[in-house]
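Undergrad: Below are the chains, spelled out letter by letter.
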Amino acid sequence: MTITPTGHPVSTGDRRSVPLISTGGRRSAPPWWFAAPALVLFAFVVLVPSARGLYYAFTDWDGLSPDFAVVGLDNFVGITRDPDARQAIWHTLVIAVSITIIQNGIGLLLALGVNTVIKSRNVLRVFLFAPAVVTPIVTAYLWRNLLGPDGAVNSLLGAVGLDSWRQDWLGDPQLALWAVVAVVVWQFAGYSMVIFLAGLQSVPKELYEAAAIDGTGPVQRFWSVVRPQLAPAFTINLMLSIIGGIKLFDQVYALTGGGPGHATDTISTLIYKDAFTLGEFGYSIALAVVLTIIVAIASTGQYTVLARNERAAS
Amino acid sequence: MNRYRWRTFGLEVVMVVAAAVIAFPVYVLVNLAVRAPSDTSSPIRPTTSPTLANFTQAWREGGLGGALVNSAIVTAVSVVIVLAVSALAAYPLARATARWSRGMFLLIMLGLVLPFQLAALPLYQTMRDLGLLGSVWALVLFYSGLQVPFTTFLYTGFIRALPQDFEDAALIDGCRPWDAFRHVVFPMLKPVTVTALVLNAIAVWNDFFTPLLYLSGSSQQTVPVALAGFVGQFVADWNLIFAALVISIVPILLLYFALQRSIINGFAGGLKG
Numbered sequence: 051m052t053i054t055p056t057g058h059p060v061s062t063g064d065r066r067s068v069p070l071i072s073t074g075g076r077r078s079a080p081p082w083w084f085a086a087p088a089l090v091l092f093a094f095v096v097l098v099p100s101a102r103g104l105y106y107a108f109t110d111w112d113g114l115s116p117d118f119a120v121v122g123l124d125n126f127v128g129i130t131r132d133p134d135a136r137q138a139i140w141h142t143l144v145i146a147v148s149i150t151i152i153q154n155g156i157g158l159l160l161a162l163g164v165n166t167v168i169k170s171r172n173v174l175r176v177f178l179f180a181p182a183v184v185t186p187i188v189t190a191y192l193w194r195n196l197l198g199p200d201g202a203v204n205s206l207l208g209a210v211g212l213d214s215w216r217q218d219w220l221g222d223p224q225l226a227l228w229a230v231v232a233v234v235v236w237q238f239a240g241y242s243m244v245i246f247l248a249g250l251q252s253v254p255k256e257l258y259e260a261a262a263i264d265g266t267g268p269v270q271r272f273w274s275v276v277r278p279q280l281a282p283a284f285t286i287n288l289m290l291s292i293i294g295g296i297k298l299f300d301q302v303y304a305l306t307g308g309g310p311g312h313a314t315d316t317i318s319t320l321i322y323k324d325a326f327t328l329g330e331f332g333y334s335i336a337l338a339v340v341l342t343i344i345v346a347i348a349s350t351g352q353y354t355v356l357a358r359n360e361r362a363a364s
Numbered sequence: 116m117n118r119y120r121w122r123t124f125g126l127e128v129v130m131v132v133a134a135a136v137i138a139f140p141v142y143v144l145v146n147l148a149v150r151a152p153s154d155t156s157s158p159i160r161p162t163t164s165p166t167l168a169n170f171t172q173a174w175r176e177g178g179l180g181g182a183l184v185n186s187a188i189v190t191a192v193s194v195v196i197v198l199a200v201s202a203l204a205a206y207p208l209a210r211a212t213a214r215w216s217r218g219m220f221l222l223i224m225l226g227l228v229l230p231f232q233l234a235a236l237p238l239y240q241t242m243r244d245l246g247l248l249g250s251v252w253a254l255v256l257f258y259s260g261l262q263v264p265f266t267t268f269l270y271t272g273f274i275r276a277l278p279q280d281f282e283d284a285a286l287i288d289g290c291r292p293w294d295a296f297r298h299v300v301f302p303m304l305k306p307v308t309v310t311a312l313v314l315n316a317i318a319v320w321n322d323f324f325t326p327l328l329y330l331s332g333s334s335q336q337t338v339p340v341a342l343a344g345f346v347g348q349f350v351a352d353w354n355l356i357f358a359a360l361v362i363s364i365v366p367i368l369l370l371y372f373a374l375q376r377s378i379i380n381g382f383a384g385g386l387k388g
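Top to bottom, those sequences are chains L and E.
Heads up: the first sequence begins at 51 in the numbering used here, then just goes up one per residue.
Heads up: the second sequence begins at 116 in the numbering used here, then just goes up one per residue.
Hints in this document: simulated from the structure, not taken from any laboratory.
Just so you know, these numbers come straight off a predicted model, no measurement behind them.
Misleading hints may appear alongside valid ones.
Covered by chain L, per the in silico footprint, the following chain E stretches (three or more residues, Cβ under 8 Å) [claimed, not checked]: (1) 215 to 226; (2) 257 to 264; (3) 334 to 342.
Backbone N, C-alpha and C define an ideal beta-carbon position, used for all residues, glycine too.
Chain L with its partners taken away, still in its complex shape (with noise of 0.2 Å):
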């Protein structure tokens, strides 16, 4: 492919090293176009349709027939008056809080173990990292035996003597919602663990000599010497789980396919059953603007939140 020349040419004027005639400070500025390739599949894979969705949302369209009508808000008030929805909302919070704060946390701790001295820590960060590899239907079909009446769960739990633990734990409504979060956080924990150690990493030695020398206690020296420093990895963590834990799709389709009954639909698997089993095209992408503005409302509080804390920390 060629691509030629547009009408703007490198400038001339300014060079850094020919100070001679200041032209403002401008700079040669690579051309806007090299931009288009990526705007023009962005445009057509995530932008119109998304905006064509948010049209959709407003009618009663079946996502066959030619002919729908604009109902105006009726999607919406359907939708806060259907339990199955208002459930599937809850459970998609639920869900994505827990998985956030339990997988940060464990991720968080294993980051610390393997960023000190201990001899296996090379082989451990690659290891606890795999299961993010893996594909996540396949960890939830895993997990579905895993986690059977019958399955290794159970099992190892009989062998140490706790028989009155084990449960259907995905077949009790009551704990398979946290099923699906245990194995999300099982998937991901090393993700965030990563994430942390190359915050961890960029801890200056000298701080915790320093704070070594004073005499602080390990948690004190987290606290004050590289909680701050951590900023940017909790927001890139935070920000991560939260969305990837409100869009959640995969893993609760393989793993419970939204049961039993509604137990662990999400918004994400109302969307699919709504418009693929039940044909209504329109209020299921209604379902989809309200994860929108979920995702919207989250990111953005998220992220106003641990910027400020970014800025104090730094």
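Using the hints provided, position chain E relative to the given structure of chain L.
TA: Just chain E, lined up with the frame of chain L:
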């Protein structure tokens, strides 16, 4: 902090135990995959006479060969496209100081927040109208656009942290921006390209929702969709299902273990940028 003491040994034991707990499901996965269906002993007991019969049967009946080829094509082609267009886009977005550059960057970053569920259904319609449903090329097109925001984000951060002297020198020597990008900037992006390559490959290889939508009912399938079909067909045959799961994760794990050092270092680079 620097010496190996008894306390360090204690920590080492705790960490190894934690890793063992995390690895336990993988042990069960392999243990059951090599077990004959007639062996109904506890899933945590090591299999006494391991067999590979499940693997051959899963391979024969799961259509995994074709699915692996499809997944490989989709992953390879879309990752190459995404890396190329995103690196090219990130160059002006990171360097130009004009207002359009900031606006364009924010527009693309909007894609990080928009849930794909919003776009998935209208795009489904467009793909149908274009006659692309049921074809792996629909997926290539989809991922090429979907992965742009994340990849552009990685590249932009990295370029901003790069010194500008080399490309300036090239431009002063009469290089066109395109040649400066190709010969000077892109080669310097190698570390982030490796990270972006692996993270994109994992995302594309692992995705389930989109191929479930766009390929359902067709003979062309990717690995996750083929697995879902396989699990549905052999519901209670867990030894067979586990063999299929093992087969499906081998390629992506090999890629990970080959490139793990760059990935883990790549995160560190991304944080500093």
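Undergrad: What are the numbers of the hints the structure violates, in ascending order?
TA: none
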